[in-house]
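Novice: Residues per chain are reported as follows:
Number of protein chains: 2
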Amino acid sequence: MQQEKNAQTIRLRQVLPDQIEQESMRIIVRELKQQNITLDESVAPIVKRVIHTSADFEYAHTLHFSANAVERGIKALQQGATIVTDTNMAKAGINHKALAKLGCQVVCFMADEEVAAAAKAAGTTRAVASMEKAAKLSGPVVFAIGNAPTALVRLCQLAVQQAVSPELIIGVPVGFVNVVESKQLLASLPVPHIVAMGRKGGSNVAAAICNALLYQAGGR
Amino acid sequence: MQQEKNAQTIRLRQVLPDQIEQESMRIIVRELKQQNITLDESVAPIVKRVIHTSADFEYAHTLHFSANAVERGIKALQQGATIVTDTNMAKAGINHKALAKLGCQVVCFMADEEVAAAAKAAGTTRAVASMEKAAKLSGPVVFAIGNAPTALVRLCQLAVQQAVSPELIIGVPVGFVNVVESKQLLASLPVPHIVAMGRKGGSNVAAAICNALLYQAGGR
Chain A
0 MQQEKNAQTI RLRQVLPDQI EQESMRIIVR ELKQQNITLD ESVAPIVKRV
50 IHTSADFEYA HTLHFSANAV ERGIKALQQG ATIVTDTNMA KAGINHKALA
100 KLGCQVVCFM ADEEVAAAAK AAGTTRAVAS MEKAAKLSGP VVFAIGNAPT
150 ALVRLCQLAV QQAVSPELII GVPVGFVNVV ESKQLLASLP VPHIVAMGRK
200 GGSNVAAAIC NALLYQAGGR
Chain B
0 MQQEKNAQTI RLRQVLPDQI EQESMRIIVR ELKQQNITLD ESVAPIVKRV
50 IHTSADFEYA HTLHFSANAV ERGIKALQQG ATIVTDTNMA KAGINHKALA
100 KLGCQVVCFM ADEEVAAAAK AAGTTRAVAS MEKAAKLSGP VVFAIGNAPT
150 ALVRLCQLAV QQAVSPELII GVPVGFVNVV ESKQLLASLP VPHIVAMGRK
200 GGSNVAAAIC NALLYQAGGR
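From first to last, the protein sequence lines stand for chains A and B. For the first sequence, position 57 (counting from the first letter as 1) is numbered 56 according to numbering that gives the first Met the number 0, and the numbering increases by one without interruption. For the second sequence, position 164 (counting from the first letter as 1) is numbered 163 according to numbering that gives the first Met the number 0, and the numbering increases by one without interruption.
Take every hint as true, because none was put in to throw you off.
Cut-off 27 Å, straight-line C-alpha distance, at most; resulting in silico cross-link-like pairs (DSSO-like, lysine-lysine):
(1) A:Lys132 to A:Lys119
(2) A:Lys96 to B:Lys119
(3) B:Lys96 to B:Lys135
(4) A:Lys132 to A:Lys74
(5) B:Lys96 to A:Lys119
(6) B:Lys132 to A:Lys96
(7) A:Lys132 to B:Lys96
(8) A:Lys100 to B:Lys119
(9) A:Lys132 to A:Lys96
(10) A:Lys135 to A:Lys96
(11) A:Lys135 to A:Lys100
(12) A:Lys119 to B:Lys100
(13) A:Lys47 to A:Lys100
Hint data in this document are derived by calculation from the structure and do not stem from the laboratory.
Looking at chain A on its own, in the form it has when it is part of the complex:
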């Protein structure tokens, strides 16, 4: 059969599963060099992991880090921080073994019944109500917002009002309406932040940044 013949002519590289990530990172480093992109050493592991998760080298240009953001994030995770996400997808993408090793946890309140009720009562959205609930968490908290600009805007407002003091805000929502603006807002604040400027981002990017920080913190 023609299709079987075609299938047989596809050549797969013989790489053991645990070597695939190393090999991928080598390719990423090589191509960054070819594009004359030099990454600051402190942020390179995060940028490379986001490129690894997206195959999109644009992030080498769009990821912005406030001073000491990476350091603050790593330290918080070493102290057993809670990561708050705005989607269950980002939550699912964070390495749970690494979280457990560091005594960290990840929560997402978007599907929370209490949050749904609070949103309805206040005439607001679940994204907003979930941030208000998360603002009451005790201990070090890292926010990872990969989807809802409304969540990120509310979080920024709470931070300006000092109703929440996150160790780090990862602001990488994706999309076309209020997304760019919500990230500009975060980038203008003195809160430690990692932002993907522009339209791109997503739950996968939010999870990748969390994982890069977890691994640097000793989670694997």
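With chain A held as given, fit chain B onto it using these hints.
Specialist: Just chain B now, kept in the frame of chain A:
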């Protein structure tokens, strides 16, 4: 404070949450037109939803559909198909209300203990073993592979051997090693498929394609 002043000057568009998706889709349609991209009517809802989820217009060029792939996918979901993913992240990103409305379910065997044991016993990977387990499912099955090229390659082999007869394979793994090749392999087979050619893809893209099909099938 300067930062508060900056924050106040960021202008957010006043759009109600349920209008954000409509407004996003309008922007996507407008920009596709500006780029002189015309989408075939049958695939437009899927391409637009992938762009919506990634803010990446490259997918208008890289998404390939075999003949009747969309039709087959929709029909399978209307018959209560099981969607098999290769990550819990993709599973979490699929609209569970839409699944329930159509009597569909989504499964991911990657974290399955039985799969881990089978992989160890056979000296293979969990990605491979999870596909072998999924091949034994009864009823209509749609595969959505957004991460592991090894899973996609094994699935293609099983399909060629007629050990599995999926209604549709969504092949959108992301990355740098064997990813392009695994998608070329799928594209060469007579199995109904939707493929994101090239390096890009991901669990978010896999979930977006499933959601677009679920919505077209009447899931909302």
